[in-house]
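Hey, can you work out the whole structure from these sequences and the hints?
One letter stands for each residue in the lines below.
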Amino acid sequence: MYYVANIMRSKGDPKIVRSGPSSIEPADRLARRLGWFSIGLGAMEVLASRRITRALGMRGSEGLVRAYGFRELFSGVMSLSVDKRAGMWSRVAGDGLDAATLLSGFRYDNPKKHNVALALLMVGGIAFLDYKAVQQTVARSPRRGGGRRLYADRSGFPKGLEAARSSAKNLLGRAAVGAS
Amino acid sequence: MRALVWHGKEDIRCDTVTDPEIEDPRDAIVKVTSCAICGSDLHLFHNFIPGMLPGDIMGHEMMGEVVEVGHGMDGKLKKGDRIVVPFTIVCGQCEQCRRGNFSVCETTNRKRHLANKVFGHTTAGLFGYTHLTGGYPGGQAEYLRVPFADTTHIKIPDAVSDEQALFLGDIFPTGWQAAAQCDIEPTDTVAIWGCGPVGQMAIRSALLLGANQVIAIDCVPERLSMAEAGGATTINFESESVAERLNEFTDGKGPEKCIDATGMEAHVMASQPDTLLDRAKQMLMLESDRPHVLREMIYVCRPCGVISIPGVYSGLSDHVPMGALMNKGLTVRSGQTHVNRWTDDLLRRIEEGQVDPSFVITHTVDLAQGPEMYKVFRDKRDSCVKVVLKP
Ligand SMILES: NC(=O)c1ccc[n+]([C@@H]2O[C@H](COP(=O)([O-])OP(=O)(O)OC[C@H]3O[C@@H](n4cnc5c(N)ncnc54)[C@H](O)[C@@H]3O)[C@@H](O)[C@H]2O)c1
Ligand SMILES: [Zn+2]
Ligand SMILES: [Zn+2]
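Chain order of the listed sequences is A and B. Going by this note's numbering, the first sequence opens with residue 26, and the numbers climb by one from there. Going by this note's numbering, the second sequence opens with residue 14, and the numbers climb by one from there.
Hints may contain errors.
Stated by the list, open to error - No more than 25 Å apart at the CA atoms, straight line, and that leaves these computed lysine to any residue pairs for SDA-like:
1. B:Lys-22 x A:Arg-58
2. B:Lys-130 x B:Asp-331
3. A:Lys-194 x B:Asn-225
4. B:Lys-294 x A:Val-159
5. A:Lys-40 x B:Arg-125
6. B:Lys-124 x A:Asn-31
7. A:Lys-184 x B:Thr-263
8. B:Lys-22 x A:Ala-68
9. B:Lys-124 x A:Asp-38
10. A:Lys-157 x A:Leu-55
11. B:Lys-388 x A:Leu-105
12. B:Lys-403 x A:Ser-48
13. B:Lys-44 x B:Asp-163
14. B:Lys-393 x A:Asp-178
15. A:Lys-157 x B:Lys-130
16. B:Lys-91 x B:Glu-78
17. A:Lys-194 x B:Asp-369
18. B:Lys-341 x B:Asp-331
19. B:Lys-89 x B:Asp-357
20. A:Lys-36 x B:Thr-31
21. A:Lys-36 x B:Gly-21
22. A:Lys-138 x A:Ala-118
23. B:Lys-388 x A:Leu-55
24. A:Lys-194 x B:Thr-263
25. B:Lys-22 x A:Gln-160
26. B:Lys-22 x A:Pro-46
27. B:Lys-388 x B:Tyr-326
28. B:Lys-44 x B:Glu-34
29. A:Lys-184 x B:Thr-375
30. B:Lys-388 x A:Val-159
31. B:Lys-124 x A:Ser-35
32. A:Lys-36 x B:Lys-294
33. B:Lys-393 x A:Ala-177
34. B:Lys-388 x A:Arg-57
35. B:Lys-22 x A:Ser-115
36. A:Lys-137 x A:Ala-124
37. B:Lys-403 x A:Gly-37
38. B:Lys-388 x A:Gln-160
What the hints contain is simulated information worked out from the structure, not anything from laboratory work.
Structure representation (structure tokens):
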């Protein structure tokens, strides 16, 4: 395989021959895909809010759609960042909002109610993926509760903490006498 | 050979790469026997420090055996020598090197035009770091080319084990310099933010340099327990107010000396709203660092005290309270570590049995497990404090 990265290397620098398995896990990949999806959808909601409301028979809600677009963009950026778990949670919350808003448009007198139903179905599917991604991405904060090892025996001073402390004090004392 | 290679944000792989070759008479090739993952590597893993390129080999804490030397060694290094490689590449001849300011060596950064533009002046070349510091391949690999090897090394006697010696290349002198630049006096309280490997070394150093009281701040119980073992009183910033507790320990006057061993990625939590704002701005690329610890240190530090910053910051920090800093008359001291300035003394202390930096190692694994260990170390899973890799 050819690695573009190798062009930049100087003569004696190592160059990639074969790539090994990555630290990126399937869950991270899913989060990334959902992140890009958020950004695409968000951009569409911000730039083409009128077309969206028309397709859903929900005219007058352009402002709301645009606001959701910005929300979507932010979730997307967050999902692509190292804090993807927060991004995924914000996507789940967003799915809830989207579903609630769509439900309000799912009325008998809405001639576009089939589109609304389709959109609801999509939100449901995406919400499922979002939830899966949340569960799979490992919590970034250190694990709580049991199974911890404590390191009370690791002073780093082979002769013990007190010996280290008093030899430091002695040295300082001697330095002070020497100085005066 | 095998090496841990950066391919993008959170994407590190154990790749097969070609062996390094001598380019310059002052180069040497080292067969790496031990290397480690540093907190700075996490900033690169997260792509928070600009200037990484796919294909860059990670790692700046390494040691091993010299297997090949260029013909410009002047007898200072030979095949078979066992050395720790300092993470700062030093020429030993420029004005800064002669003053012992090794991390700002004027000659070793081979991409100094970039550094000149971004920082105003070049700093030393660093292993396994960004192209702003030369883009030199790092030591999380089986072999490493050491440029300026006649001066860029620390010889290790056989009686000292890999585990005892390895951290002479970075975190031990880093913790030491952080404490040394506090000019500790016997009455001083030294407060240290962050009980990662650098914080742990700073705690031991402050104690050996004669601090009256060392206070360590973190939120990870394993790390706090290790800090206590080293003689520190601890504060868990998740459950306690840092400012209140520090005042309790110092009769309301605050610590004279403050050390930031956390750096640009302070924990983000709702009870510290400034970190939420920093995080949001980071995502929108309006700010590069999260300087919560700097803000807190400036606030709690005793007037005319010292703020020592070994923690890495990459670019721009917002809302750093310059008013408090100026009016309180605080002294700020910082820098990448001038490794070789301290290592003779520190190696002697290790040999004499005063201190043994290997206490910090919690995981020793094969190099191939490196990509996974980046995440374990980052997430502090499995009570991880420091990872050593064996190529
Ligand atoms: N100056 C140098 O030459 C040099 C050398 C090595 C490392 N470093 C830097 O030192 C820093 C620490 O390195 P490390 O290897 O110990 O990394 P680490 O990530 O393991 O340690 C950082 C610690 O800070 C703690 N922390 C986070 N937010 C905090 C807060 N608000 N208050 C108190 N503690 C907080 C974390 O829980 C963690 O334990 C990094 O920024 C690294 O880049 C600098
Ligand atoms: Zn480091
Ligand atoms: Zn120099």
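To see whether the hints hold, each was checked on the structure:
no.	hint	in the structure
1	B:Lys-22 x A:Arg-58	holds (15 Å)
2	B:Lys-130 x B:Asp-331	holds (21 Å)
3	A:Lys-194 x B:Asn-225	holds (9 Å)
4	B:Lys-294 x A:Val-159	holds (23 Å)
5	A:Lys-40 x B:Arg-125	holds (22 Å)
6	B:Lys-124 x A:Asn-31	holds (17 Å)
7	A:Lys-184 x B:Thr-263	violated (29 Å)
8	B:Lys-22 x A:Ala-68	holds (24 Å)
9	B:Lys-124 x A:Asp-38	holds (15 Å)
10	A:Lys-157 x A:Leu-55	holds (9 Å)
11	B:Lys-388 x A:Leu-105	holds (17 Å)
12	B:Lys-403 x A:Ser-48	holds (18 Å)
13	B:Lys-44 x B:Asp-163	holds (16 Å)
14	B:Lys-393 x A:Asp-178	holds (19 Å)
15	A:Lys-157 x B:Lys-130	violated (45 Å)
16	B:Lys-91 x B:Glu-78	holds (10 Å)
17	A:Lys-194 x B:Asp-369	holds (19 Å)
18	B:Lys-341 x B:Asp-331	holds (20 Å)
19	B:Lys-89 x B:Asp-357	holds (16 Å)
20	A:Lys-36 x B:Thr-31	holds (11 Å)
21	A:Lys-36 x B:Gly-21	holds (23 Å)
22	A:Lys-138 x A:Ala-118	holds (24 Å)
23	B:Lys-388 x A:Leu-55	holds (17 Å)
24	A:Lys-194 x B:Thr-263	holds (20 Å)
25	B:Lys-22 x A:Gln-160	holds (21 Å)
26	B:Lys-22 x A:Pro-46	holds (15 Å)
27	B:Lys-388 x B:Tyr-326	holds (21 Å)
28	B:Lys-44 x B:Glu-34	holds (12 Å)
29	A:Lys-184 x B:Thr-375	holds (21 Å)
30	B:Lys-388 x A:Val-159	holds (17 Å)
31	B:Lys-124 x A:Ser-35	holds (12 Å)
32	A:Lys-36 x B:Lys-294	violated (40 Å)
33	B:Lys-393 x A:Ala-177	holds (17 Å)
34	B:Lys-388 x A:Arg-57	holds (17 Å)
35	B:Lys-22 x A:Ser-115	holds (21 Å)
36	A:Lys-137 x A:Ala-124	holds (16 Å)
37	B:Lys-403 x A:Gly-37	holds (23 Å)
38	B:Lys-388 x A:Gln-160	holds (17 Å)
Checked against the numbered hints above, the structure violates hints 7, 15, 32; every other hint is satisfied.
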